[in-house]
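Can you build the whole structure from these sequences, using the hints too?
Going line by line, the protein sequences match chains A and B. Using the numbering used here, the first residue of the first sequence is number 4, and each one after it goes up by one. Using the numbering used here, the first residue of the second sequence is number 5, and each one after it goes up by one.
If you are wondering where the hints come from, they were derived from the structure by calculation, not from laboratory data. Where hints are given, some of them may not hold.
As the list claims (entries may be wrong) - Taking lysine-lysine and the DSS-like style, the derived pairs with C-alpha atoms no more than 30 Å apart in a straight line are:
| # | chain 1 | residue 1 | chain 2 | residue 2 |
| --- | --- | --- | --- | --- |
| 1 | B | K79 | B | K113 |
| 2 | A | K360 | A | K385 |
| 3 | B | K153 | A | K385 |
| 4 | A | K21 | A | K94 |
| 5 | B | K122 | A | K456 |
| 6 | B | K54 | A | K21 |
| 7 | A | K144 | A | K124 |
| 8 | A | K456 | A | K310 |
| 9 | A | K545 | A | K124 |
| 10 | A | K533 | B | K122 |
| 11 | B | K113 | A | K21 |
| 12 | A | K480 | A | K533 |
| 13 | A | K360 | A | K124 |
| 14 | A | K456 | B | K113 |
| 15 | A | K360 | B | K153 |
| 16 | A | K124 | A | K247 |
| 17 | B | K122 | B | K54 |
| 18 | A | K528 | B | K113 |
| 19 | B | K113 | A | K533 |
| 20 | B | K153 | A | K388 |
| 21 | B | K54 | A | K456 |
| 22 | A | K480 | A | K528 |
| 23 | A | K296 | B | K79 |
| 24 | A | K296 | A | K315 |
| 25 | B | K153 | A | K21 |
| 26 | A | K360 | A | K315 |
| 27 | B | K153 | A | K296 |
Claimed, not checked - What the simulated footprint calls covered on chain A by chain B, stretch by stretch (three residues with Cβ under 8 Å from a Cβ of chain B suffice, anywhere in the stretch; the number is not a length):
| # | stretch |
| --- | --- |
| 28 | 81-92 |
| 29 | 237-244 |
| 30 | 284-298 |
Said to hold, decoys possible - Not close to chain B: a few residues of chain A, all C-beta gaps over 10 Å, as computed:
| # | residue |
| --- | --- |
| 31 | I41 |
| 32 | T147 |
| 33 | E196 |
| 34 | D255 |
| 35 | G260 |
| 36 | Q394 |
| 37 | G428 |
| 38 | T436 |
| 39 | G482 |
| 40 | T486 |
C-beta atoms are modelled at their ideal positions from N, C-alpha and C, and glycine is treated no differently.
Listed below are the residues making up each chain.
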Amino acid sequence: MKYFRSHVLVSVDPDCVKRGALEILDALQDELVSQGLIDEVQVLETSRIGDITEAPDMMVYPEAIHYVGLTPDDVPFIVEEHFLKGRIATKFTAPTRVFTDEELSAPTAKEVRVVLRNCGKIDPENIEDYIAEDGYMALAKVLTEMSPEQVIEHIMTSGLRGRGGAGFLTAQKWKFCRATQDWPKYVICNADEGDPGAFMNRRVLEGDPHSVIEGMIIAAYAIGSNQGYIYCRAEYPIAVHTLKIAIQQARDLGFLGADILGTGFSFDLEVRMGAGAFVCGEETALMASIEGKRGEPRPRPPFPAVKGLWNKPSNVNNVETYANVPQIIFNGAEWFASMGTENARGTKTFALAGDGKHTGLIEVPLGITLRDVIFDVGMGIKDDKAFKAVQIGGPAGGFLSTQHLDYPIDYESLRSAGAMMGSGGLVVMDDETCMVDMARFFMEFTQDESCGKCTPCRVGTLRILEILQRICNGEGKPGDIETLETLSSEIKATSLCGLGQGAPNPVITSLMYFRDEYEAHINEKRCPAKVCRALISYEIQKDFCTGCTVCARNCPTNAISGERRQTHLIDPDTCVRCGICMQVCNFNAIVIR
Amino acid sequence: MTVEIKSEQNIEQAVSDAIERHGNQREELIPILTDVNRTLGFLPAEALEKIGARLRVPRSQLFSVASFYQMLSTKPRGTHVIKFCESAPCHVVGGRQVWEALQESLQLKNGETSQDGKWTLETVSCLGVCAVGPVIVIDDDIYGNLDPKQISEILARYE
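Quick look at the structure:
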């Protein structure tokens with residue numbers, strides 16, 4: 004193995020690339036070559052290291068110095084100072100802050116990194132980095148010391164439940180598949196992470212792909228399979244690229260292929276890419292897509308454990324589930340079971356998005372309250388606005404309101420409130436969000452993604468969408484709420500797969516917790532959050548308007564009239580409610596009514 | 005540039021390359037279609053016919069697959085394809101205004117291609133870069149933290 008005295012990790016996830024990480028990488032390479040240091044300093048590409056606002060950034064090991072906010076012009080200086088002269092270029096190091104007592108107990112203290120432990124720390128394109136972090140130790144233990152039954156028993160003791168949404172006991176799934184008398188059997192990893200706002204799996208695949216591969220090999224040993232597939236969505240080209248490199252490296256070192264570690268057990272893996280269809284995240288649709296067909300779901304039973312890919316027994320788990328497996332074996336089932344709650348063991352990754360101060364990935368023990376996640380780990384709401392709602396579980400999940408803030412995040416509590424764990428998207432919304440508009444928005448998504456195979460989902464979601472559109476346009480009628488409720492319960496009861504069964508959840512939960520907003524839209528023709536255009540009007544406040552004419556000159560429809568230095572007026576009939584006048588006014592004279 | 009008429013040779017080449025790369029098994033259909041779509045910009049009827057003949061798959065099945073997936077197109081597309089992320093996290097942070105600005109400056113609606121064949125405007129589901137929403141992708145370039153005012157400047161880069 005080649006020896007380097009320093010390792011530089013540059014974050015090249017899509018967000019950082021957007022902010023110029025590749026230019027930093029090029030500048031770094033060039034400068035190291037011209038300074039003659041290229042054989043001493045290794046440059047590695049990795050996923051996110053710090054906060055996105057600090058990007059482009061790089062981490063230098065072994066000193067663990069984090070240089071942030073870089074431009075290509077800064078690179079020569081850092082290279083000369085750090086690698087040539089051996090001095091830390093303090094000008095670019097992450098600022099050290101003085102923490103207050105409140106801050107010290109937060110925000111990361113409540114985070115526990117199990118699945119994400121290696122992300123941003125190791126080079127995902129070098130298997131040796133993973134091995135140095137005890138990688139493939141669990142596999143060696145499983146293959147040499149444990150029987151398949153013992154592996155299943157061990158995972159059962161840990162209490163691991165599926166991280167893809169439904170929360171089925173992982174060991175139970177493995178047991179069913181092992182028991183089926185048919186051959187060959189397939190191990191499938193569902194990496195079709197399609198929930199809007201959820202990108203936990205992307206991070207794991209891009210930052211620590213071997214943890215997923217190792218988990219899959221262990222699962223294959225437990226159920227008796229020799230072939231596996233990772234189905235990754237086409238929107239994640241970097242993840243696919245990293246995975247392919249990782250699989251090849253694992254093959255080269257004898258962790259994949261024939262006679263793994265000389266134990267006689269054989270297993271190989273292939274990456275399959277989708278082509279943009281949300282429904283392919285549903286396991287039966289996913290398998291149809293691997294077979295090269297339309298990704299349409301089929302009724303279950305038979306479950307994949309009995310008849311799956313090419314009608315053979317198959318085990319489908321999600322990325323995060325597999326990534327947990329090696330650590331459960333390595334650290335023990337009791338260690339895993341010590342985190343979380345009685346019925347929800349371990350940790351869960353969430354993607355925080357929306358109006359929170361801190362957006363991005365977090366990993367917390369299950370059972371943590373929504374309040375802790377939103378206000379502690381997520382640091383509260385941007386611009387200190389008020390919290391209104393959180394959407395959890397993706398398009399099939401639901402909206403929860405302030406009354407749920409002290410609910411623990413576990414499978415059953417969320418379900419009882421009408422939401423679900425889902426794969427881990429958490430969209431936080433402030434008080435300027437209209438819940439009817441949000442429900443309409445999610446319904447647009449499911450309507451768009453409905454594969455069209457079964458009628459309740461194909462037609463039912465369209466009917467709901469039409470009603471919601473009407474309500475948002477100020478054409479809501481008495482009786483609409485009741486129709487929405489009936490439609491929702493019928494679609495839920497009769498749809499073929501999880502997509503349709505979950506589709507009405509945003510409507511059901513918003514009706515449950517924000518019914519007054521629907522009523523205001525329908526009965527008073529008023530949008531309380533001032534979002535729905537048909538229900539708002541812009542007005543110029545007399546006391547603030549200086550008559551500067553900026554608004555009138557910028558209005559695209561010439562709806563604003565008034566003489567210079569006189570109060571201006573908006574004609575509501577000509578106004579298209581684009582909001583430009585409000586943006587350009589220097590005196591905050593324009594308000595929404 | 006007007007929409008390039010795909011010559012018979014181009015199509016033959018694209019299909020052969022893709023099949024060579026993936027093999028002619030039925031299960032390789034989606035990777036093959038994805039490759040051809042990428043090379044030619046869309047899937048012309050002639051290409052589908054050739055793939056069908058080589059893989060021994062009926063045209064009906066081919067069309068059913070080609071029309072199902074969002075990333076495959078059976079209609080010609082523009083030189084530059086703009087994808088707007090329509091997912092909730094982008095919506096919450098001002099995506100609607102960006103979407104309207106896009107439609108306004110291009111005079112296109114969702115799924116349409118401009119007369120001159122330069123632009124195709126479409127929506128895409130979550131790209132997983134929610135931390136920098138609203139997001140659009142033009143060809144392979146990602147633009148995040150957008151506000152409507154930036155749109156004309158970004159589009160001008162593709163002159």
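Outcome, coverage hint (the stretch 81-92 of chain A, chain B; C-beta under 8 Å; three residues)
This one is violated; 0 residues, fewer than the three required, reach chain B with a Cβ under 8 Å.
Is it true that the CA of K360(A) sits at most 30 Å from the CA of K315(A)?
Distance of about 47 Å is beyond 30 Å: violated.
Holds or violated: are the alpha carbons of K480(A) and K528(A) at most 30 Å from each other?
Holds - the C-alpha atoms of K528(A) and K480(A) are around 10 Å apart, at most 30 Å.
Would you check the hint for K528(A) and K113(B), treating anything up to 30 Å between C-alpha atoms as holding?
29 Å, holds
Minimum Cβ-Cβ distance from G428(A) to chain B exceeds 10 Å
For G428(A), whose nearest Cβ neighbour in chain B is about 8 Å away, the distance does not exceed 10 Å, so it is violated.
Reported absence of D255(A) from the contact zone with chain B (all CB gaps over 10 Å)
Its Cβ never comes within 10 Å of chain B, the nearest being 22 Å, so this holds.
Assess, step by step, whether the Cα of K153(B) is no farther than 30 Å from the Cα of K21(A), and give holds or violated.
The hint holds at about 18 Å.
Sort out whether K113(B) lies within 30 Å of K456(A), counting only the CA atoms.
27 Å, holds
Would T147(A) pass as off the interface with chain B, using Cβ distances and a cut of 10 Å?
The claim stands: T147(A) keeps its Cβ more than 10 Å from every Cβ of chain B (closest is about 34 Å).
Decide if the proposed pair is consistent with the structure: K360(A) and K153(B), CA atoms, cutoff 30 Å inclusive.
Given pair K360(A), K153(B) holds - Cα atoms ~24 Å apart, limit 30 Å.
Are the Cα positions of K153(B) and K385(A) separated by 30 Å at most?
Given pair K153(B), K385(A) holds - Cα atoms ~22 Å apart, limit 30 Å.
Would you check the hint for K533(A) and K122(B), treating anything up to 30 Å between C-alpha atoms as holding?
Measuring from Cα to Cα gives roughly 37 Å; hence the hint is violated.
Taken one by one, the earlier hints fail for this structure at numbers 5, 6, 9, 10, 26, 27, 28, 33, 36, 37 and 38, listed in ascending order.
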